[in-house]
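With the hints in hand, could you dock these two chains into one complex?
Protein chains in written order, with numbering that gives the first Met the number 0: chain H, 0 to 330; chain Z, 0 to 697.
Each hint should be verified, as a subset may be incorrect.
Said to hold, decoys possible - Beyond 10 Å from chain Z on every Cβ pair, some chain H residues (computed):
1) GLN40
2) LEU95
3) GLN255
4) ILE274
Stated by the list, open to error - In silico DMTMM-like cross-links for lysine to aspartate or glutamate, where the CA-CA straight-line distance does not exceed 20 Å:
5) Z/LYS609 / H/GLU211
6) H/LYS73 / Z/GLU645
7) H/LYS56 / Z/GLU61
8) Z/LYS384 / H/GLU211
9) Z/LYS612 / Z/GLU645
10) H/LYS60 / Z/GLU645
11) Z/LYS383 / H/ASP66
12) Z/LYS594 / H/ASP66
In case anyone wonders, no lab produced these hints; they're calculated from the structure. Heads up, the beta-carbon is just placed ideally off N, CA and C, and yes, glycines get one too.
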Amino acid sequence: MSFFTADLISGLISNFIQFLLILLLAPLSGGIIKKVKALSQKRKGAPVLQMYFDLWKLIRKESVVSDTASWIFKATPYIVFAATAAAAFMVPVTTLVPSAISGDLLLLIYLLALGRFFMCLSALDTGSTFGGMGASREAMISALIEPSLLVSIFTVGLISGTTAVDQMMNTMKAVGVPLLHPVYILCFFAMIIIILAETSRIPVDDPATHLELTMVHEAMILEYSGRQLALMEYSAAIKQLIFLTLLVNLFLPTDQLVSLAGISGAGAAIPAVVIAAALALYILKIILASLVIAITEISTVKFRFFSIPNLAALSFILAFLGFLQYFVLGR
Amino acid sequence: MDDITPEHLLYGSILLYLAAAFAAILFSRSHKLCTIWSQVLCIAGAAAGTASSVALLFSGQESITISPFEASIPYLSISMTLDHLSALFLLILSILTFCVSIYSIGYLSHYHGKRNIGLFQFLYASFILSMILVFTANHAIFFFMAWEIMAVVSYFLVVFESEKEETRKAGLIYVVMTHLGSAFLLMAIMLMFYYTNSFALTPVSLDQIPESGRNIMFLLFLVGFATKAGVIPLHIWLPYAHPAAPGNVSSLMSGIMIKTAVYGLLRFVFFYLGVSSPWWGVLILLLGVISAVLGVLYAYIEQNMKKLLAYSSIENMGIIFIGLGVGFLALTQEKQTVAALALTAALLHCFNHTLFKGGLFLSVGSVHYATHTKNMEELGGLIKKMPVTAVFFLCCSLSIAAVVPFNGFIGEWLTYQSIFASIASGNAAMNITLILSAAALALTGALAAACFIKLFGISFLGLPRSEQAAQAKEVPFSMNLGTGVLATLCLLAGLFPQTMIALIDRAVVSVVKASAEPILRGSFLDLYRPINFSALLPEVSFSGSMTAKPAGIIAAPLVAAIAMILLVLAALLVLRLFGGAYRERRYGTWDCGFKELNPRMQYTGTAFSKPIKIVFKIFFRTSKDLKRSGDDFYHPKAMEYTIVNESPFEKYFYIPLLAWITNWSRRLKFMIQTGSVHTYLLYIFVAVLVLMLYNRMV
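Bound-form chain Z, shown alone (with noise of 0.2 Å):
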């Protein structure tokens, strides 16, 4: 058994992947067969990924290459490197792959009989097989084709309820931005060939590429994954895309592929670039603020589940680039400690966000598997219809609340120490960046939990508002099992998060050459030294005077949690001592005096996020219309009140652009495509003549 390296996990993850496509196929006639067969190699695989990239991790090596063939194509290398960065996110991908291929095997049996699970299944295992490669390529144009091959498949996976009109749509936009990105990718990787005439994902040094020549490439890499990444302004397709897919794909989409943008990120402007310029990081930081604050209002005021899901995400995203914006501010001040904080943040905001994200679209799914609507104002009460799903979802969404002892707050605690770290550090035109986006950070984290508290409020507690949410059933074993793993993860990596700090190190390692462990080993990560961080940055000077201290416990999730658990024991004690045994009445809610209490006296969604929609209302282009019919004004027989909320993004960039686009395009088919074969012989000539002169000047 010692011969098993991560190079043969690597290609048996591969491999078992292969065959769940194949098996697709093969079995494509009997729908419960091929679902099964195909998740069951799925989830080989992604054991076989998990090993393999923890593996690496610990092994000590610092990357394997494996080549399966060598390409024909000149130019072309199909090999593929793990590295402690692509290992990292191998292993994001395939714990989400595992739980997403045990959930799918529920899920998809309400499909059986009346789709081509065949094809599906398909799709599914090209997809995961499609980042995989994405992950590992070493080599531009390879991790070009496999970044397209991951944006057709995963367009193909949304639309596979293609009926529907409106997934249709969320389909054309989604493939459409998509492939601007890549558009604005396929360029800077061009450049690239330019500079170094070499397609090599090896760090170039700074005077192959001028100045200028970085800038354009790092724009151009930036608008490329930001789009990915679905980061404001460039995320309109999040919205639309993520509601129209399946559940399972949805929370593979949400959870893993658009972090393929920050590994692209990482790889390509990080590592590839180097670190040159302030304004980068400045850029990145400002995005990420935008996206953080604007993701989460929208998310706020949305009252489709899965809406709420993807525009939290643009959120998430965006508290990911506000580390990456202050890592890669820190490295051009030579900062290389709180570089590596930061990027330790952001990488581990990136892992937090997959398992929770990961579990609570898998959750929606199951609650649209159960009430067939994904809309929260139907719902209502599930908490008791399913019990279960709602443990699951609560914990998901305490996590995504970043409250203590789940493992969003670890992220963000890290987030904010390391913009703590580099405020301290810093000089002072740069520090009202950081403590703005601080403060950002903070109005994000306070939304996001009342974003949550509404989406599990709303759907899953008080009385059901529709007949499907009365009549709701607990979902099959095997979808609970892979959204609990999902939420008991969530649990476990914030009460222990010294092993994914450990994990995640190893790969900060490989892109900033400097650890953040030596510092976090103090802080609360450890048990029992308090964090100082005058102490422990050399590069940051304090004239507070400092005692040492002794060594005294520091309160962690872990202390916390243990803690919290001892005092609820302490109140039960001291409650059953001095107030006896306890004695309870059921009886209905306060019902303001009317006969009962019905569902439509309830708060909606949509009330309960009103005041921030008023105090916010800068962002939201919101049009009422309210409708009465009947002659008398004040007793009217019926009433009917739309709110439509537009995206100000849409209505003032987007529409006009499309619609500037298609009038000159219009105007120019009159101009240019007159119809006439002498004018296209002339244009042919005019070409042919520039393209000599072009050739005799070069």
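So here's chain H without its partners, still in its complex pose (with noise of 0.2 Å):
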């Protein structure tokens, strides 16, 4: 067993460490947005650590289970988890350590994608109205938002020359601040508007209501309950993580300033301060993403159904005058 050297070893437990960390934080960053949405309405709000209350009681909960439903509905909760965290295991955290699992980006995204069908299908499976409805509008978004998140990954990949995640990230450190560069700007926004509509936020879906005019990803989840519906909340909050993930390391690489503070002598060991400091400032990206998504929902409101496509269009072209800039500017 030549293939599992000590390298590999090393950076297989890294990478479960990150993707522990991603499962951990997931429940987080909608406690974060919960909570700057209620303070913006001078309410007091619900705790930030709220969702880990709540999937904690959701999963002693007894479960109720429709009558029509078939094995559909009850094993989508479990390929849904299972297809969102094996997606989670494709996005490193940090830089530092290199990774030992390579994952494409379109792998993860027709990943999310395995659970989207499955997802679409037990809303289907009960028979109920909503359930239609939401798979319905859902198929619509998700087919509009599908080519902008496409141009985007290719334009940010091209100069990596590869779709695999962590490579990509590891070049992104190169541009330097990304958010400087004309290509990258211009991406970065369309990836905004790709993670409001792909997470069910403000201003494509609203996150907070039972309404049969607004709701699509809650249409869907209606009817479960304990813990599956603890499943499916948390595969979302899971999902909702990897796409913040993936818009920091991306567009705001931090690795290299600790790795400048700390040694950066090559092949050295990196001191467990530097990995900490990583961490944290990974953190902090986050924290910071969730405001901005906090904000952009306080000061929206949900889009008219069909204004999402105008919405869609407008991360295309975001991203196509950045795929565009790209052969303009020179690499």
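Pasting the structure below:
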């Protein structure tokens, strides 16, 4: 078994730790967003850690399953969770430690698509009107946002010549401050719109309501309860954190700052302090990104459903212009 | 046993199909015997065909040629060559035939005693045989003959249920369109002889045919093959012919017959004409993009399951054409590796599409067998009545929706990667075209997923919407076996794409003289090295600083699948540890406060696709009609709501064209065909005079 070298084993362990970090932090970003929103409305709001309590409670509760539902309904929460968590495995939190798992960004997108496919099916499985409505809307939103997502990925991937997540993050460090670069700032804003759409936030979807006129994601999981609901909610949180991590690690790379401060000798072991600093910076960036989303949610209203194509088109145009810039400005 | 060569197996396969055709006639009195004998012989033929093509692909031999007999007609040679490209297509054909024939044993039982099974079986076996001839002919005229046999036999199969008005109409549209395509092919083949004095399908050198001749021949070949492929705007026969044909026939037609066009393009354009002008590639790419996007949009709004699948075939042919177009463009820029990558993507998608679309058509055939309807608005809840069919249907749907870890994903991923590699190394003008095609492909992929959520969700989940659906029963074992083999292959091909790539690579090498395998060995098809185009493509130059990476695990679909299984187990464990034993209560779905949930409260297929229909309304010509009866506007006694989705291509192109032709023919009738013998004599005289003058001058 010469394949399993010491490097690989230590890499795998570090990957696993990063994976656990994502799983652990996932409910946090939603809590921050909710808290900021509540404060802006002069409410006290639920604690930032509320979602942890909710999940803890939900997994101990009895599940109610519809008479109409088939095995799809019961299998879906596990499939959605597995697909989302497997996607989380491919997203490095920090690039300081060489990653042993190299995931393709397209694979990540299609893993999330597996989750979405089953979520839509489970919504149709109960025979409820809400489920059908949610699934139909989700199908439309995801279809419209997909081109812009792909163009952004390609544009960011061009510089590193690959669509592997960790290598893309590595090369973005070399760009310096990507947000000052005309190519990446356009892609950044395209990505923000994509995240709003993919993670069911205002102005695309309203995560806080249960009103048939507005809800998309909530409508799909309406029939779930107990531990199945917990898994669905948790998967949604992980998905949100995956997208936020991609956003901050691609467009706001900070690892080079810590490595400058730390020991810069090549091949030298990276001290624990540096890694801790990198992780702290990562958490800080996630909080920042959550704030951006919260502020977006506060300052806009939910769009009429048929205005979403305009938003998707805007995102596509931004990404496309970014792509053109790449060739205008050179590499 | 070492004496068995690919030649023998190919002979054996052909003879077995011939035997199947004759067995059909021989046993035509007893339908049961006829079905079993003929199908078993077909299965054996398919097995021999598979063995033959695999043996050739792995033998290292370039090609084998068999000439059963000498033709006594000048300029015609009846000999078959199986080279790597042909072998790949023969393999696809044989795998599909194998499964469809198993399926047919059960499926045909509902025709027993009602129809001429002998005739059907005869046509079925000849249809497969004609496709083998198409794939192996090494002579243009022979190819054309096989092509025509295939067209005519498939026409008879389409109109097998000829008592239905719509089937006859479908057959007519099919036979007209397919012969229109053949006419173009024939012209191209005639030009071939005009320039080279030969019908042999060996690559021509650039100076043998002038530039203009090449361009004309390319266009003729493209129109001819695109008609068979059902590429938009030449697709109109496909949504009629596939639903009209019996389930097993539509599976063969969609699974492999339309692929003959891909084979034809590769053989006649890439291989024979060679690569010259870049605009050929742009044209192929453009046709692909249009077909992919419009095909999936039309599929999405369709309520007839088989029509939906037919439109989806158009979409998938579009994706294959995108791959071909990208490959062609790369060849014109002499980027052989990128071209090899793109062609691998196209051929892999071809292979995959055969597996999942064949399986889907068979499954829909099963649904039709059990419920006698193809309209998904009358179905629902079938997952409880037909659990096995449902699982296989779901597998194939997941494949076509390109989700991990099924095979559809690999094909689309490779197509994306080939576009990416082209962009990374291409020039700016081409890049805009390429990135827009990638965006279109992304839209297509997401819509295809939505489309199959709808197809599976509406027809298999929820409450049954009609009596037939509520009474449905699981289909016979042989039908499930046929579908099951395809569904399993879909999963296996997704998990172990290396095997497929290895098979396809040989065919790719024979066309572009370069292999994509070295690149893919570094990608996630291989388990342990990350993909990095900058290191792998000598044609691509990157300024981005890349450091060599240590060997790591690349998240291949197989790895992802294993990870997902582990994660499910972990989730179960954690939930059991912290949440205690699973407790469940069955209760009705939330019915919004009404008395109880009924099937009519569910979302319908029409409602499901409505948002997309509104967003893309520019592509649909929808007419709505709402009829109320009763005096009161607000409380009508009955309401009738009709939606008609018309195809804009028919409405604005084909129907006006037809009207124009009919009109002119009618007018010409009075101008030319006056009925007077004197005029006719004059025509003959003028014709003879013109011919003589022409001869003098030449």
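Taking each numbered hint in turn, which are not upheld by the structure, reported in ascending numerical order? 6, 7, 8, 10
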